[in-house]
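Trainee: So you can see what is in the structure, the chains are spelled out below.
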Amino acid sequence: MIEIYELTKRYEDGVLALDHVSYSIEPGEIFCLLGANGAGKTTTINILLDFIPPTSGSATINGYDCNKFPLEAKKYVSYVSENVQLYGMFTARQNLAFFAELAGKTGLKKKDYDDVMRTVGLPEKALRMRLKNFSKGMRQKLGIAIALLKDPPAILMDEPTSGLDPTSAHEFLEQLRRLRERGKAILMTTHDIFRAKIIADRVGIMKQGRLVAIRKRQDFKHADLEEIYMYEMQTAETA
Amino acid sequence: MNDAAASCVVRKNFDKEEYGVIFPVLNHRMLSSKKVLGRKTMLKSIIRKEVLINLFSYKCSIIIILSTILVFASIFVMYRDYCLALENYKILQPKSNEAIAIIPPTPLSIFAKGLDENLCRSYEVVSAGQIRMGSKQQSVNNLFRLFTTPDLLYIVKVIMSLCAMLFAFDIVSGEKEVGTLRLSLSNNMKRPVLIVGKWIGGFTSFILPFFIAVLFGSIFVTLSPIVDMSPYNLLKLGLFVLNSVIYLAIFFSLGLLISCLTHQSSSSLVISLFVWAMLVFLIPNLGNILARQLVEIPTVQQLEDKRSQIWIRETVELGKGIIDFKTRQERINSQNDKLIADYRNRFDRLVRLSQNITRFSPAATYTYLTTNLMGTGILDEHRLKRAVLQYKDLIRDNSSDSDGNLVGNFTPFSFQRSSIKEILSVGGLSNLAILIFFDILFFVSAYAAFLRYDVR
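Protein sequence lines correspond, in order, to chains G and W.
Numbering of the first sequence is given in our numbering, commencing with residue 299 and proceeding in unit increments.
Numbering of the second sequence is given in our numbering, commencing with residue 237 and proceeding in unit increments.
Since the hints were derived computationally from the structure, they do not count as laboratory data.
Please note: incorrect hints may appear among the correct ones.
Calculated pairs, DSS-like style, for lysine-lysine (alpha carbon to alpha carbon, straight line, at most 25 Å) [as the list claims (entries may be wrong)]:
hint	chain 1	residue 1	chain 2	residue 2
1	W	Lys295	W	Lys280
2	W	Lys280	G	Lys407
3	W	Lys280	G	Lys373
4	G	Lys403	W	Lys426
5	G	Lys408	W	Lys280
6	G	Lys408	W	Lys276
7	W	Lys276	G	Lys407
8	W	Lys426	G	Lys373
Covered stretches of chain W, going by a simulated chain G footprint (3 or more residues, C-beta under 8 Å) [as the list claims (entries may be wrong)]:
hint	segment
9	286-299
10	415-425
Cβ atoms here follow ideal geometry from the backbone N, Cα and C, with glycine treated the same way.
So that you can see chain G by itself, here it is in the shape it has in the complex (with noise of 0.2 Å):
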């Protein structure tokens, strides 16, 4: 669903943020991006949404390269920010309709919209309040039920466990689980090894634009992620 081809990217400061990077992710499977600030997780997810175009290399998301088709590739991607902020004046509902309609989902009823918030955890009432009176995680958990609207086959967050309390951030994992099972595509950028052991079916560890390793379920299930991420950061430096 979303495949990431020898993917460099070369600042005009000449700081190099990505570097020949390559990976894809099914459908039904959570790959978390691990890595330290400037590792380059942020400017992958940039480059999939056409903020940025790539030096070389490609990101596609369902067969669409998203640099030169990339209005065809953002019909099957969701994105998921790590500080879902929205419209503050807005209620839910509003923030909804909006954003859904800007995904091409016209003529959404009552029903659609009280089902999205029950699937994310979110009570029916909170769709007539105002976001500016909404909690993190409660804002959080609308940016989701906004991608769950669109419903596309791949999503992209981007730290979106970044700050919340531990209660919000299980129930986000809850969300992520649901929409594994759904047979969406996830990728999601963290600093968070905790979670990222929990909810990943994949990890990719990055350092400095590379991909230094990429580490399956069972490779970590029983063993300390954090001691291979350690692991992978001190080769990556020693190589």
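Given the coordinates of chain G, work out where chain W should sit on it, guided by the hints.
Mentor: Just chain W now, with coordinates in the frame of chain G:
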């Protein structure tokens, strides 16, 4: 990579073939109409969202309340001013044995006072070659001399233009800060649709309350028994409103452009205020000062001194018996006429140069166009002064005795303010074109900047 690229090509071909087989003829048209419909829906959503966001925002509420109060207050104050000016005119109306040129104030001065006080002063032909100017029509409020006349023109030019920039300064950079721009553009939406939608939605929510306030103000003026608003004046008022919309669109587009060139709304605000001050105050004032440096023009006192010198010189010659009384009068008249003609030429050159320099500012261009349109501008002042000089010549030729004294009844002075056609042909159209050019320039620049805008 090859697989991915191949799959992309295969999918595209498949889509085309699939539609092509079923609807071989309508294939292309259907696909494109579907795209257009999708884009229209998105555009409508963005416009609606912008209008709602603005309606809910405190910034918008404050600006709407402020502009509404100002528009109503301005129209009311200027209406009272006009009523008093009209009374003043009725008092000053000349009798048949007075050679006085005076015109009534135009009801349109309620909206754009311009030079109406100058225009409505009285010009009395006192002797065959002399004109005595009456004081300005200080009909109303001497405080207007200390402060700027609070007419609608001033409100639009200064306050509403600032409001337009305050409306637009964070339209893109503000959305970037809160992350909604990224979220919007993560959908299959073209950037041009977003920027056009934002412009339409934002400008509509800004201009609509102002338009309604002006409409009610105009109805109040039109229904007043004192004000004689002819259909032609209403047409001019309509053009004034249209002109104001074009002018405010410039500042809205400029705010949008600044928003597209910055990444923080605080930076946008500072730059917007600076640019606004430059365009509304600095360039018009500096332009006038610069023009004064380039064109030498005598002061009124210097002109009077020269006149006195002419009079003394000719009187001395009369005393010496070189010329007779009639010749002295003719020579004084002729030299005074030359003096005035020279002064008028220099003054016209100064005005032209000043106008050309200040046209870099939309505020100045808007002022020239609007005041001319309302009959209170430089164009009508120029025409009136020419008409007064012609009137003086007429009186001198037809109603003066051999000693130059005025005798008998005088032809009444008549003057028609410029028609729309005249205004447009004498610089009006080029001023309008400049305003539209600014509109296009700033919007296209904002559009181009947004296409390259880094949403990260």
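Trainee: Next, verify each hint and record whether it holds.
Mentor: Quick rundown of the hints versus the structure:
Proximity of W:Lys295 to W:Lys280 is assessed by CA-CA distance (about 23 Å); at most 25 Å being required, the pair is judged to hold. Only pairs whose Cα atoms come within 25 Å are accepted, and W:Lys280 paired with G:Lys407 is accepted, the gap being roughly 19 Å. Distance check on the hinted pair: W:Lys280 and G:Lys373 sit about 19 Å apart at the alpha-carbon level, within 25 Å; holds. A hinted pair counts as satisfied when its Cα atoms are at most 25 Å apart, and G:Lys403 with W:Lys426 qualifies at roughly 16 Å.
Distance restraint check for G:Lys408 and W:Lys280: the Cα-Cα separation of roughly 21 Å lies within the 25 Å cut-off, and the hinted pair is therefore satisfied. For the proposed pair G:Lys408 and W:Lys276, the alpha carbon gap of about 23 Å is at most 25 Å, so the pair holds. For a cut-off of 25 Å, the pair hint linking W:Lys276 to G:Lys407 stands: about 21 Å separates their Cα positions. The straight-line distance between the Cα atoms of W:Lys426 and G:Lys373 is roughly 12 Å, inside the 25 Å bound, and the hint therefore holds.
As drawn, the segment 286-299 of chain W meets chain G at 4 residues by the rule of a beta-carbon pair under 8 Å; at three or more, the given contact holds. Closer than 8 Å: that is the beta-carbon criterion, and the segment 415-425 of chain W has 10 residues meeting it against chain G, so the requirement of 3 holds.
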